[in-house]
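Participant: What follows is each chain in one-letter form.
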Amino acid sequence: MPTKEEIYKKVSDTLADSLNVEPDEITPASTLQEDLGAESIDFLDIVFRLERGFGIKIPRDELFPESVFQGDPQFVQEGKVTPAGIDELRKKLPYADVDGFAADPQFKNLGDLFTVDMITKYIESKLAAGQ
Amino acid sequence: MRLQDQVAVVTGGSRGIGKAICQAFAAEGAKVAIVYRGSQEAAAQLAQELQSMGREAQAWQVDVADTAAVMKCAEEIHQKWGRVDILVNNAGIIKDGLFMQMDPANWKDVINTNLGGTFNFSRAVVEWMFRQRKGRVINISSVAADRVNRGQANYVASKGAINAFTKALAIELASRGVTVNAIAPGFIETDMSETVRNMAGDAIKKMIPMRRYGKPEDIAKVAVFLASDDSAYITGQVVTVDGGLGLGVMAG
Chain A
1 MPTKEEIYKK VSDTLADSLN VEPDEITPAS TLQEDLGAES IDFLDIVFRL ERGFGIKIPR
61 DELFPESVFQ GDPQFVQEGK VTPAGIDELR KKLPYADVDG FAADPQFKNL GDLFTVDMIT
121 KYIESKLAAG Q
Chain B
1001 MRLQDQVAVV TGGSRGIGKA ICQAFAAEGA KVAIVYRGSQ EAAAQLAQEL QSMGREAQAW
1061 QVDVADTAAV MKCAEEIHQK WGRVDILVNN AGIIKDGLFM QMDPANWKDV INTNLGGTFN
1121 FSRAVVEWMF RQRKGRVINI SSVAADRVNR GQANYVASKG AINAFTKALA IELASRGVTV
1181 NAIAPGFIET DMSETVRNMA GDAIKKMIPM RRYGKPEDIA KVAVFLASDD SAYITGQVVT
1241 VDGGLGLGVM AG
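Top line first, the protein sequences correspond to chains A and B. For the first sequence, the residue numbers in this note's numbering are 1 to 131. For the second sequence, the residue numbers in this note's numbering are 1001 to 1252.
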């Protein structure tokens, strides 16, 4: 089992390659969309590359759920994610910094949950579970 | 050779335009999967012909409208050669009839084969191209998508949709080196257009500024270009190959 540092390094190299950014632009807190410029098709590419790179299977909708809320009004009201929505996020994205997001739960900032650190933690748990 | 060792899948590959494309791809060094539905003998013969050119070729029988069967066929091709570089969605049928008399079954058959088949094979192979970061999808449309004919509502609708699909797929794959283009042939000398050509006689030729029908090779040459590195910066385009038919020449 690789160390957390090794996993982070590989995740960050994978992202640099997939998104065509310089490795030193990437930090654990970098968000995929806002900071690294990822678009929807890039998320698919990242999943493929992580699968190959780490030799794991990533079920669709597990790492990057296509639609976290499916437009459900109980989760989003007036542009803000409701407490029920926050609970849903904790369930669907257990490796994301939901606490940080909950401080100012603007729906439009939902993409900020997808960070390099979140992917690293997800891979870590996948590798641990596979042992 | 422009397609050395590339793996190409050509649907409707045993006859007409598809056959000419298979031959042209093989001549450029490609390995060719000839996908056909009915013409077993023609497909086997073509596979032999390509093999005698020193190329790898194999015929696969499948109805492109059958999603599960297409998935299975694509898996087999991928297993055999380990990759798919080029997909030509060429399989197409006509079931003409004036709209008010059109049997709903004939609408569905034409849409499911022409448009559905294009979806099915694209869905089956595009992910491999995406992962390879290289691929070519070539959809065979028709000049009839824009220059419509009476009695072909189903066919014309399927081809117009293929043009729109070509653009939609192109935009999703562009960043990963996979290009998606269409070729819109005019009147080509094939079995499919034979009845119309016989019925109309010289009347059609008079509408074609070049005064001749196209040959399957005229389409195949464009397919080779779109499959090769020469067309690397072209995507989402419909290339009309019709001897000027679509220009709409007037008498005089």
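Simulated from the structure, these hints should not be mistaken for lab results. The reader is advised that the hints may include incorrect statements.
[Stated by the list, open to error] Distance condition first, Cα-Cα at most 30 Å in a straight line; then the derived DSS-like pairs of lysine-lysine:
#, chain 1, residue 1, chain 2, residue 2
1, A, 57, B, 1080
2, A, 92, A, 108
3, A, 57, B, 1134
This one's a predicted model, so the numbers in the text were calculated from it and none came from an experiment.
Participant: For every hint, state whether the structure bears it out.
Facilitator: Status of the hints after comparison with the structure:
1. Distance hint between residue 57 of chain A and residue 1080 of chain B is fulfilled; the C-alpha atoms sit about 23 Å from each other, no more than 30 Å.
2. Restraint check for residue 92 of chain A and residue 108 of chain A: satisfied, since their Cα atoms lie roughly 18 Å apart, inside the 30 Å limit.
3. Annotation: proposed proximity of residue 57 of chain A to residue 1134 of chain B holds, straight-line Cα distance about 23 Å (limit 30 Å).
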